[in-house]
Amino acid sequence: MQPSKAEELRAEADDLHIEGERTAVTSVGPPATLAPIGSSRSILDHKWGLRLLVYGGILLAWQVTAMVKGEFFLPTIPATLAGIVHIFSEGYYVELLATLQQLATGFLIALAVAIPIGAVMGRFRFVEDLLSPWVNTLFVTSKESLLPLLIIAFGVAFWYRTWVVIIFAVFFPIINTAAGVRYVDRELKETARAFATSPGRMFTRVYLPAAAPFVVAGIRLGFGMAMKGMVIAELWVLQGTGELLSRFARAPRRLDLYYALVIIIVAFAVMVTEILKAVERRLRPVSSTKGTS
Amino acid sequence: MPGTVEVVNVAKSFRRSSEDGSLSVLNGIDLRIEGGTFCCLVGPSGCGKSTLLRIVDGLIKPDAGEVRIDGELVTGPSLDRGFVFQQFNLLPWRTVLANVEFGLENLGVPKGERHERARKVIKLVDLEDFESFYPGQLSGGMQQRVGLARALAVEPSHLLMDEPFGSVDDQTRMLLQEELLTIWEQSQKTVVFVTHDIEEALFLGDQVVVMRGRPSRITRIIDVPFGRPRADEVRGSPELAALKLEIWEELRAGATVEG
Amino acid sequence: MTHRRRAQSIDRQKLARWGASIALFFILWEIVGQSGLILSVVPPTDVFPALAELFRDGGLMSATLGTLWIAAVGFLIGGVLGVVFGTVIGTSERWANVWDPIVSGAFAVPISMFIPVITVYLGLEFEAKVALVVLFNIFVIIVNTATGIREVPESILEMARAFNTDRRDVYRRIVFPWASPYIITGLRIGVGRSVAGAILADLLLRAQNLGLVIREAQGSFQLAELLAAVFFITIVAALTMGLARLVEWRLMRWKTS
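Protein chains in written order, with this note's numbering: chain U, 1 to 293; chain A, 1 to 259; chain E, 1 to 257.
Hints in this document: simulated from the structure, not taken from any laboratory.
Take these hints with a grain of salt, some might be off.
[To be verified] Computed footprint of chain E on chain U, listed as stretches where at least three residues anywhere in the stretch have a Cβ under 8 Å from a Cβ of chain E: (1) 126-136; (2) 227-234.
[As the list claims (entries may be wrong)] For each label pair, taking beta carbons as the anchor points, the in silico distance ranges come out as: (3) E:M252 x A:K61: 34 to 42 Å; (4) A:R15 x U:V127: 51 to 59 Å; (5) E:F55 x A:G140: 53 to 61 Å.
[As the list claims (entries may be wrong)] Here are the simulated SDA-like pairs of lysine to any residue, each with C-alpha atoms no more than 25 Å apart in a straight line: (6) A:K61 x E:L135; (7) A:K61 x E:Y171; (8) A:K61 x A:K120; (9) A:K189 x E:E158; (10) A:K111 x E:R173.
Every residue, glycine too, gets a C-beta built ideally from N, C-alpha and C.
Could you put the whole structure together from the sequences, leaning on the hints where they help?
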């Protein structure tokens, strides 16, 4: 994989382990000399000090704006929270579940396809040479514009949304799995061969554990893309959760329900992503990440 | 002779981020370096000699005590003192010429004169043909020569060097040492040279200051008896070996007593 | 010298392989299209005439320019704001602490879910579309800028201090040059995101420009035209991003060593 693609992925994710390059946005502090010299330790320096201040300020601004401009512009915080309850009590959650079901289906299919392809690409140079121009090109093209094609092919039934999810979700797992396998080949395979490791054990004891963090990173990023694809697909044909979002914003305008839905979606996305991040962290060996660069 | 450096009762502690409390690195440091002297600071790693050098330069403020140069208090960095770093610290997007000019830019020297002065110094460190190369294209030894040239270009009265040859291989180091002496002997600046290599300190210096302990103190100052210009034979000479042993004993004693 | 010649022959190999891949793709496409295996696949022999017609009568060129214009404006705004904000985050640990969770979160959530509400606040026209494009590209630019600035080593900053560099100049002469590869990479990715965002905006906010072309083709079941439009958009996006990469490469030549 070209270094620039590695950089691109590093940039797309906040915490990604590829080819030994590690960039963690949240954990590296800025150079100390850039910070004011002799800054005293006030409450603002505590991790949550300024955070609470700023977040609290944002919430306050939200509430005030909502109260001043009315519910057609912005729902108040209590109204939004009530909206979350409404989503469940008034049965809208059914649509959410339907969306979720299709999301899960599409995503799992995508993984079942992408991870093996990525593994083969990482393992066999000629496969990578063959496929990587396609993968890289399709990765960066506008997948959104493929939607109409899918509609014509599948109508707007089950497979339409599932296919959209697959198309969106499949790239990161491919690329990251390939990188993980390539990493093993580069760093560890020779050593394992020197110890006469059987192919079976090579797979389970060497490739699997070593490439696992890469694969999980790919899954995490792919999940983000899957959600993105799903929302776009649903907005385009007005189905499922996307339809709800569209409806609540227009006809009739129920911004309390709209933002409630947004909160639910965000909560879901963040939850899944954090879980996957934690899994990824667990799978990474403690010290090795810095060694390969 | 002008350029005398006086360190008076300097102390420095660093606050440790992981625990409360602080690490006392220097305590009660008194030192007088006569102008025009080549003075080497020697000691084990982490003994604060680099910190002391930075305090002399004005990069770090001491917690107690002061540094005076020719009677004037040092309050901050100045282009009267050229600093050479162990990790070179060159700017990778600038050519050799542009890197050497860095300090001159800070002095506000106009472009034409800058080029001239930079080229002169580049010639001095034997990098004439590499003027438009980038640091990434140079070996470690060459990069450090650029660092040296950069410090010399501002024509400072003092040269402060922090283990400058620590990042290069042995042979390159010996060559750089000789080149440094050649350059120095022409100008007679005051040099403060930090190193953990005892032989290097004895070969280069007029004066070797031994530091050890935690917090560090100056335990011995040795006047180096070899003449100038330093002959190559000094390296293998029995006198040097004897002095080296003396210093080593001094350092080792500190290590066992203070653990 | 031999080094360069070897590089050239490798390039030629790559080019040949690329060419073969593309040729294979078109052949496959033609075969599948003619056979009618998959309903919506129209063979290139029908698609390319449709493409030509779109250019002549369908105003494909102006539609493309329209969408690209939205992308460009969004990129400009997002680029400036992103670099500024990224600099703040990269410099100040306090502010990094505050905004990092939000910026990280922005990567995990589908930004498109805000499309309906953008309509509420900004309407369906130009401002709304540009806003969507900015939402698409700004986070990547912020993250890359912040990372680049944080990567500036302490020792280099110490060197700048030792040589008595004006504090104001440190950013201009040291920090930004050092961070520039990251910033430029971020901007390059931002170009791609901007184009994608603009296409989406023209599709979902109010069908205009390229989005309109697609919608019309879809609505009238003109398969060949639809495929032609999609194919063309893909090429345009690929070209834009290729161009961005080229610019990035040229700017970063000193890094080759």
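Structure-based check of each hint:
| no. | hint | result |
| --- | --- | --- |
| 1 | 126-136 | holds (count 4) |
| 2 | 227-234 | holds (count 5) |
| 3 | E:M252 x A:K61: 34 to 42 Å | holds (39 Å) |
| 4 | A:R15 x U:V127: 51 to 59 Å | holds (55 Å) |
| 5 | E:F55 x A:G140: 53 to 61 Å | holds (59 Å) |
| 6 | A:K61 x E:L135 | violated (46 Å) |
| 7 | A:K61 x E:Y171 | holds (23 Å) |
| 8 | A:K61 x A:K120 | violated (34 Å) |
| 9 | A:K189 x E:E158 | holds (23 Å) |
| 10 | A:K111 x E:R173 | holds (16 Å) |
Violated hints, in rising order: 6, 8; the structure is consistent with all others.
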